[in-house]
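Enquirer: Let's have the full structure, built from the sequences with the hints guiding it.
Number of protein chains: 2
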Amino acid sequence: MMTPAATALGLHLRVLVEDPTSSAAQVVVDAPVGAARDEEAVEALVAGRPGAVAPAHAAPADVLTFEHEHVPSALLERLVATGLPVHPTPGALVHAQDKHVMRRRLTELGVPCPRWAAVADAAELEAFLGSTGGEAVVKTVRGGYDGKGVRVVRSARDVDDWFDAAARGEGAELLAEEKVPFTRELAVLVARTPSGEVRTWPVVESVQVDGVCSEVVAPAPDLDPRTAEEARRTAVAVAEGLAVTGVLAVELFEVSGEEPGAAPRVLVNELAMRPHNSGHWTIDGSVTSQFEQHLRAVLDLPLGDTAPRAPWTVMVNVLGSARDELTDGLAAVARTDPHAKVHLYGKGVRPGRKLGHVNVSGADLDDVRRRARAAAGLLRGEEPA
Amino acid sequence: MMTPAATALGLHLRVLVEDPTSSAAQVVVDAPVGAARDEEAVEALVAGRPGAVAPAHAAPADVLTFEHEHVPSALLERLVATGLPVHPTPGALVHAQDKHVMRRRLTELGVPCPRWAAVADAAELEAFLGSTGGEAVVKTVRGGYDGKGVRVVRSARDVDDWFDAAARGEGAELLAEEKVPFTRELAVLVARTPSGEVRTWPVVESVQVDGVCSEVVAPAPDLDPRTAEEARRTAVAVAEGLAVTGVLAVELFEVSGEEPGAAPRVLVNELAMRPHNSGHWTIDGSVTSQFEQHLRAVLDLPLGDTAPRAPWTVMVNVLGSARDELTDGLAAVARTDPHAKVHLYGKGVRPGRKLGHVNVSGADLDDVRRRARAAAGLLRGEEPA
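First to last, the protein sequences are chains A and B.
Under our numbering, residues 294 to 678 are what the first sequence spells out, in order.
Under our numbering, residues 294 to 678 are what the second sequence spells out, in order.
The hints are simulated quantities; they were obtained by calculation from the structure and are not laboratory data.
Hints may be right or wrong, so weigh each one.
[Stated by the list, open to error] Partner residues are not named here, just some residues of chain B that face chain A (Cβ under 10 angstroms, in silico):
(1) Q319
(2) V580
(3) E585
(4) L592
(5) P595
(6) A603
(7) V626
(8) P631
(9) K634
(10) V635
(11) H636
(12) L637
(13) G649
[What the hints assert, rightly or not] Over the 12 angstroms line for every Cβ pair with chain B, so calculated as not near, a few chain A residues:
(14) P343
(15) E370
(16) L372
(17) A410
(18) A411
(19) L422
(20) G442
(21) V445
(22) S448
(23) A460
(24) K472
(25) G489
(26) L516
(27) V529
(28) G534
It should be emphasised that the depicted structure is a prediction, and the values quoted were computed from it without experimental measurement.
Glycine residues also receive a C-beta, built at the ideal position from the N, C-alpha and C atoms.
Expert: Dropping the structure here:
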């Protein structure tokens, strides 16, 4: 989804793809194949050596950036040492790679978080459960996404397998967090340049189903302006405190204020240091999309305007069902609302997999939401209601 | 500019490019090299034969369409005879290839045109000049664009070279048209599917400098609603009368009404049977861009919503100057308004060449126009005013 923005700005994009049929390889001309953990592949990518890339594209990269966080820090540090700009820097990126490092640093910065503890064994987890009413969210410190590596537990036995794996040196450390009694989930997308310019988009509401984002409403409906301002300040504090460069998504829990009449508060749930699902609405709903903004930010160009283009934009994810009707995607597109903006990712259908999304903008939220849901349903292969 | 729309709709685009460094080759993964007049190259393109395309892309095309009109009709007719959908059809496309055929057909359809005559020699041109106040616009019947192949003449001697070339069998036939005393130029973009669905975008004003489009204002300011409706009806009549499939741009002259108080009238100037410069504003300014709509139309999918996203959108072309500052395009982008949407084409700089465009949308036309012009000026290498 970064290619249209790169093309418009006259930028050449070279992408390391896992295999030649991946989504990115379908739309990026200069797409060498390799794994993000393969040092040689990443070095050939940034060097742009003939052989690794086509002769016409043989040129070193001006900057290296990421569409996921799973790139080893040591490799990135070595590239930085060669003088290559890497954004976000490995020093910032580690906070999106390691949830323990993230919680420790946010706590140091005074950023509001759920209560948390690193737990090395069952006894430590039971102690934490004792202090949080008998229930907690346990997360693997590295590698989780979309609900994977996250469990709600009432006993240390619920994560026996994770402790066993950790004891064998196969699994990661664990993090326990209080199960926050949130009223809803919010997200703030923020971009920051190496020069320090920062811009945020309006605070959005993010609806999760089984730990996977289902729908995003921009801006978050009925949001107390004080809460919106706290959410925005929190996101900027994280971007500045961690020296993030590029786009950062800050996922938040909205919780009731403690005193009657007090504004709801926010607690930081997760960070993603890249364009993120909670910002896909910006492709059609904002003057500058998160993808254009990320490119501007990592190149240290001035940031684009983040104003919304319409009073409301709703994004609904198209998740794979057990059926494979999406393989006839055009027939589904044909049945969708002429006002819906369809974005498909060129992926094979698997149940639960994010295959695309739909954006709808307009002045009437109920209408916009209904149309976005209906269009996504048709793309998933559901019959119209 | 069609690639982002194709990607979003999950379509695979295969483009015949003139050379491997062309704009399209920079952004389209499946881009065999060949000339549009080369029968073998076009046949290999639509057949998707291994060797002509990468093994991973080896598959026949579902539909053939164009980004310019210079493809021989005979070749297209042979492809149609094989059962390949070709849109626009060769029978429609000829009206954008041959100005004489176009004028004859529009006149048959009762579509308002300037007075015109096919002129085979100097005597016929002098006779036409005698009937139009001594001045006329003479055009080569085939191959003209952006003011090329068009001259304002007061004597047949002004096009001696064209008549000489025609006599030697090297040049094309000529068309003479009255020099219309227009008040301004308008354009209507319309899309039509093979099934007959038709949608138009709002009528725009197009500002030409030396025969080249400089600026487009959407919608056309202060347009009499009766004139807008006549313009729209004219465009639909052309699309339906010529059985156009895909996007059609109808360029119009606005002329004063004959009676006091009468609405201004429109006359058809030129046709383009493809996405067109007068529709580049739709990329940012309309729910559905002309590029997405063209893909929908040639695939016979239902058309997208053509509603504007903002009260005003102004598009300003970035034309090459004698300087080559655009080669440092990013520095120029960095100095442009954060609200301006920059679209660069990846072309080398030549004086007068269209290198990109800028779109700005908003509620205040004067502000929008000023910002769009300033951004385009910076991209051209001009210093800020």
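Enquirer: Give a verdict on every hint.
Expert: Hint by hint, here is what the structure shows:
1. The interface hint given for Q319(B) holds, since its Cβ lies 7 angstroms from the closest Cβ of chain A, which is under the 10 angstroms cut-off.
2. A least Cβ separation of about 6 angstroms between V580(B) and chain A falls short of the 10 angstroms threshold, and the interface hint therefore holds.
3. Contact between E585(B) and chain A, as hinted, is supported at the beta carbon level, the nearest pair being about 9 angstroms apart and thus within 10 angstroms.
4. Satisfaction of the interface hint for L592(B) is found here, the shortest Cβ-Cβ separation to chain A being roughly 7 angstroms, below the 10 angstroms cut-off.
5. Given the 10 angstroms rule on beta carbons, the hint for P595(B) holds: about 6 angstroms separates it from the nearest Cβ of chain A.
6. Satisfaction of the interface hint for A603(B) is found here, the shortest Cβ-Cβ separation to chain A being roughly 7 angstroms, below the 10 angstroms cut-off.
7. Because the smallest distance between the Cβ of V626(B) and any Cβ of chain A comes to about 6 angstroms, under 10 angstroms, the interface hint for this residue holds.
8. Interface hint status for P631(B): upheld, as the beta-carbon distance to the closest one in chain A is roughly 5 angstroms, under 10 angstroms.
9. The interface hint given for K634(B) holds, since its Cβ lies 7 angstroms from the closest Cβ of chain A, which is under the 10 angstroms cut-off.
10. Below 10 angstroms, beta-carbon pairs count as interface contacts, and V635(B) has one with chain A at about 6 angstroms; its hint therefore holds.
11. Annotation: interface hint on H636(B) holds; nearest CB of chain A at approximately 5 angstroms, less than 10 angstroms.
12. Taking 10 angstroms as the C-beta contact cut-off toward chain A, the hint placing L637(B) at the interface holds, the least distance being around 4 angstroms.
13. Hint on G649(B) holds. Least Cβ distance to chain A is approximately 8 angstroms, under the 10 angstroms limit.
14. Residue-level check passed: P343(A) sits 15 angstroms from the nearest beta carbon of chain B, beyond 12 angstroms.
15. Residue-level check passed: E370(A) sits 27 angstroms from the nearest beta carbon of chain B, beyond 12 angstroms.
16. Residue placement check: L372(A) keeps its beta carbon more than 12 angstroms from all beta carbons of chain B (closest about 22 angstroms).
17. Separation of A410(A) from chain B is adequate, the least Cβ-Cβ distance of about 43 angstroms exceeding the 12 angstroms criterion.
18. For A411(A), the shortest C-beta to C-beta distance to chain B comes to about 42 angstroms, beyond the 12 angstroms cut-off, and the non-interface label holds.
19. Separation of L422(A) from chain B is adequate, the least Cβ-Cβ distance of about 46 angstroms exceeding the 12 angstroms criterion.
20. At roughly 30 angstroms from the closest C-beta of chain B, the C-beta of G442(A) stays outside 12 angstroms, upholding its exclusion from the interface.
21. Look at V445(A): its CB is around 36 angstroms from the nearest CB on chain B, clear of 12 angstroms, so calling it non-interface holds up.
22. Against the 12 angstroms criterion, S448(A) stays outside the reach of chain B, whose nearest CB is about 46 angstroms from its own CB.
23. Against chain B, the non-interface label of A460(A) holds: every CB pair exceeds 12 angstroms, the least being about 45 angstroms.
24. The non-interface label for K472(A) is consistent with chain B: the shortest C-beta to C-beta separation is roughly 38 angstroms, beyond 12 angstroms.
25. The claim that G489(A) lies off the interface holds: its Cβ sits roughly 15 angstroms from the closest Cβ of chain B, which is beyond the 12 angstroms cut-off.
26. At roughly 24 angstroms from the closest C-beta of chain B, the C-beta of L516(A) stays outside 12 angstroms, upholding its exclusion from the interface.
27. At roughly 17 angstroms from the closest C-beta of chain B, the C-beta of V529(A) stays outside 12 angstroms, upholding its exclusion from the interface.
28. With a cut of 12 angstroms on Cβ distances, G534(A) stays outside the contact zone with chain B, its closest approach being about 25 angstroms.
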